[in-house]
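Chemist: Those protein sequence lines, which keep their order, are chains U and B. 8 is the number of the first residue of the first sequence in our numbering; add one for each residue after it. 8 is the number of the first residue of the second sequence in our numbering; add one for each residue after it.
Treat the hints as calculated values from the structure; they're not laboratory data. Possibly wrong hints are sitting among the right ones.
Any copy will do: because identical chains look the same in the list, a pair fits if it lies in one copy or spans two.
Heads up, simulated BS3-like pairs for lysine-lysine below, C-alpha to C-alpha not over 30 Å straight-line [to be verified]: (1) Lys47 - Lys293; (2) Lys58 - Lys165; (3) Lys314 - Lys47; (4) Lys165 - Lys50; (5) Lys337 - Lys314; (6) Lys314 - Lys287; (7) Lys337 - Lys58; (8) Lys271 - Lys287; (9) Lys299 - Lys332; (10) Lys299 - Lys50; (11) Lys50 - Lys287; (12) Lys47 - Lys353; (13) Lys353 - Lys239; (14) Lys50 - Lys239; (15) Lys287 - Lys276; (16) Lys314 - Lys276; (17) Lys353 - Lys287; (18) Lys47 - Lys239; (19) Lys276 - Lys50.
One letter stands for each residue in the lines below.
There are 2 protein chains.
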Amino acid sequence: MVNVLGLDIGGANTKVAYIRTLEGVIGSVEVFVEYFPVWKNFKGLVGVLGKLREFVGGDFDVVGVTMTAELSDVYRTKREGVEHILGCVFEVFGGVPVFVLRSDVSLVSLEEALVSPLGVASANWVATGWLVGQYFEDCIVIDVGSTSTSIIPVVKGKVVAQGVTDLDKLLYGELVYTGCLRTNLAAIVQAVPIRGAVAGVSSELFALSGDVHLVLGNITGEQYTCETADGKGVMRSDALTRLARLVCADTEMLTEDELIQVAKYVYEKQIQQIFSGLSKVYNRVKDMGVTKISILTAGLGKDFLAKVAAERLGTDSILIMDLGKLLPDKVSLAVPAVGVALMAAKHCEVIEK
Amino acid sequence: MVNVLGLDIGGANTKVAYIRTLEGVIGSVEVFVEYFPVWKNFKGLVGVLGKLREFVGGDFDVVGVTMTAELSDVYRTKREGVEHILGCVFEVFGGVPVFVLRSDVSLVSLEEALVSPLGVASANWVATGWLVGQYFEDCIVIDVGSTSTSIIPVVKGKVVAQGVTDLDKLLYGELVYTGCLRTNLAAIVQAVPIRGAVAGVSSELFALSGDVHLVLGNITGEQYTCETADGKGVMRSDALTRLARLVCADTEMLTEDELIQVAKYVYEKQIQQIFSGLSKVYNRVKDMGVTKISILTAGLGKDFLAKVAAERLGTDSILIMDLGKLLPDKVSLAVPAVGVALMAAKHCEVIEK
């Protein structure tokens, strides 16, 4: 029996999975999530990790770590970010063995991670891909989060992403910076159809993708968990007000129908953005000789973005499934944290043997 | 002799022009600018106006007002914004006659303005067009500010804009939401060329147009007067760091040459955005039978954005001039404030006669 902590330290949320495993099989899982926007107060990270350690309560033999918070603009470079974040991890968890996930799907010690910090930057998608690879042979995971979308190819149970860094992944379609809550609409569309013509949009932060999906009924107010653009509420009328501002208008100047047309247009653009990345990844996987591919959807946008984009692949040889329904309970709340915990558990067992 | 105050109440800056005129001709001009981001503390507007009134010191017979601050997202609708802003103006300047500029190029009393608040919303470009029309018969003004660009056609000395509201102007190319300092790069480009391929960009607020123009030498650090995306400095190295983050990279992963290529690409996109609006306006003016058109450039981006876009009209029949060099000293610092002041002065003289 190995008790493991998995840490996924993101820019806005720090997630911990506490799992008990026997020979690499998950016994029990507990997940804790702490909202902590690192760009607002990066010095508080040690405190947050300490608090999460207390939450967990039980003993653990090993810690697995992955992160994306190093991209936050409080850090001048990723190196600076990785060094600070791993320093905090060491301060809180230094008493037990700590393993850090590299984007080449290996685990290294804290000391080794600090030798080449870029290798462990933004690697949490690897943990997702690895975990899925434990259950599925050939698949593509489409994880549509609040701000961005990860598209992760797995072949013969192994992560076969072409990109290692976020930059690579942006080039190869494996990272698409569109999401279902926090994306600035001005970054999705440069113009929208209004009254038979095309209006350029304001480049301010006036409305977010959460407004589009709230107006279209894709999400509820409770699911709109991020801060809104104007700091106001998450009623449908609030979202319509923000949508109107995208073209410097208000709800006296534009009707609800006109605003719904704008929302539909932005929604369609998001599907296209995700499809564009997905089709690149899909064709690469096909070129590897895979004939039957499962598409696993994850994240808040799994149904109205990931699934819809996947359906556009338009082939009978793919099967679209909801990842959350295939994995053990609670896991879908923090897939990378669980993944890196299980990797660390297996790593320990291998070392012990 | 009429002494007039002109107020241009913007979302980020409140500008006052104090002018003394005789029969519509400007005698002396003083300009005061107060940085006041209305979205951070709209209740402070009365205090700011009071402070500016004290700055001015001298007596005045009449006040002319125009605004754009009503678009700020602290206000639910433009109506709510206009009502609040004019209420503040009344509180501070209610003792003298106040005239408010409408976007149909007329002046109305505070009471009349409140009857149809949308008519006075975001009308400050009208003051610019009207002022220019006092000096030039047929011209197009391209005013490239920190965040957006106004393209204002003047024929036979009259403003002939097709759009009245910001929404109309976005439809007709008379308002282009791209500027030389504060524009989020993610709203200008959705992908950039990197190492022979195309990388999607992050939709976060990682870098601003000011970073592009600082890196390319179009502006100096002193001219980079808005807050930066990461709250850090305005050295060239700071700007390169922010530019790298646009594609989730840093200055260890991308060379300076690669980042300059990205900057040049964004710069070219901005020129295209402005040209796209300008060509619509230009062709409409040509269709009105005007054969010789002057293009007057204004704002911080007058040389490297407005002028470059105008040159792409590629015709001998246009003359490109710097508006600031043609108007009296200091006026170019606050053209709409001076314009609305002079309009109010003339309006008074007409009434007195």
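Chemist: Could you run down the list of hints and mark each one as holding or not?
Modeler: Status of the hints after comparison with the structure:
1. Lys47 - Lys293: Classified as neither; 43 Å inside a copy, 52 Å across copies.
2. Lys58 - Lys165: The answer is neither: 34 Å in one copy and 67 Å across copies each exceed 30 Å.
3. Lys314 - Lys47: Neither way: Lys314 and Lys47 sit 34 Å apart in one copy and 40 Å across, limit 30 Å.
4. Lys165 - Lys50: neither (37 Å within a copy, 58 Å between copies)
5. Lys337 - Lys314: For Lys337 and Lys314, the Cα distance is within 30 Å only inside one copy (21 Å; across copies 59 Å).
6. Lys314 - Lys287: within (16 Å within a copy, 40 Å between copies)
7. Lys337 - Lys58: within (21 Å within a copy, 58 Å between copies)
8. Lys271 - Lys287: Answer is both; intra-copy 25 Å and inter-copy 27 Å each pass.
9. Lys299 - Lys332: The answer is within: 20 Å in one copy meets 30 Å, while 69 Å across copies does not.
10. Lys299 - Lys50: Cα proximity of Lys299 and Lys50: none, with 48 Å in one copy and 62 Å across.
11. Lys50 - Lys287: Cα proximity of Lys50 and Lys287: none, with 40 Å in one copy and 51 Å across.
12. Lys47 - Lys353: neither (36 Å within a copy, 51 Å between copies)
13. Lys353 - Lys239: neither (46 Å within a copy, 43 Å between copies)
14. Lys50 - Lys239: both (28 Å within a copy, 17 Å between copies)
15. Lys287 - Lys276: both (17 Å within a copy, 25 Å between copies)
16. Lys314 - Lys276: within (15 Å within a copy, 33 Å between copies)
17. Lys353 - Lys287: neither (32 Å within a copy, 64 Å between copies)
18. Lys47 - Lys239: both (20 Å within a copy, 13 Å between copies)
19. Lys276 - Lys50: neither (38 Å within a copy, 38 Å between copies)
Of the numbered hints given earlier, the model fails hints 1, 2, 3, 4, 10, 11, 12, 13, 17, 19; all others are met.
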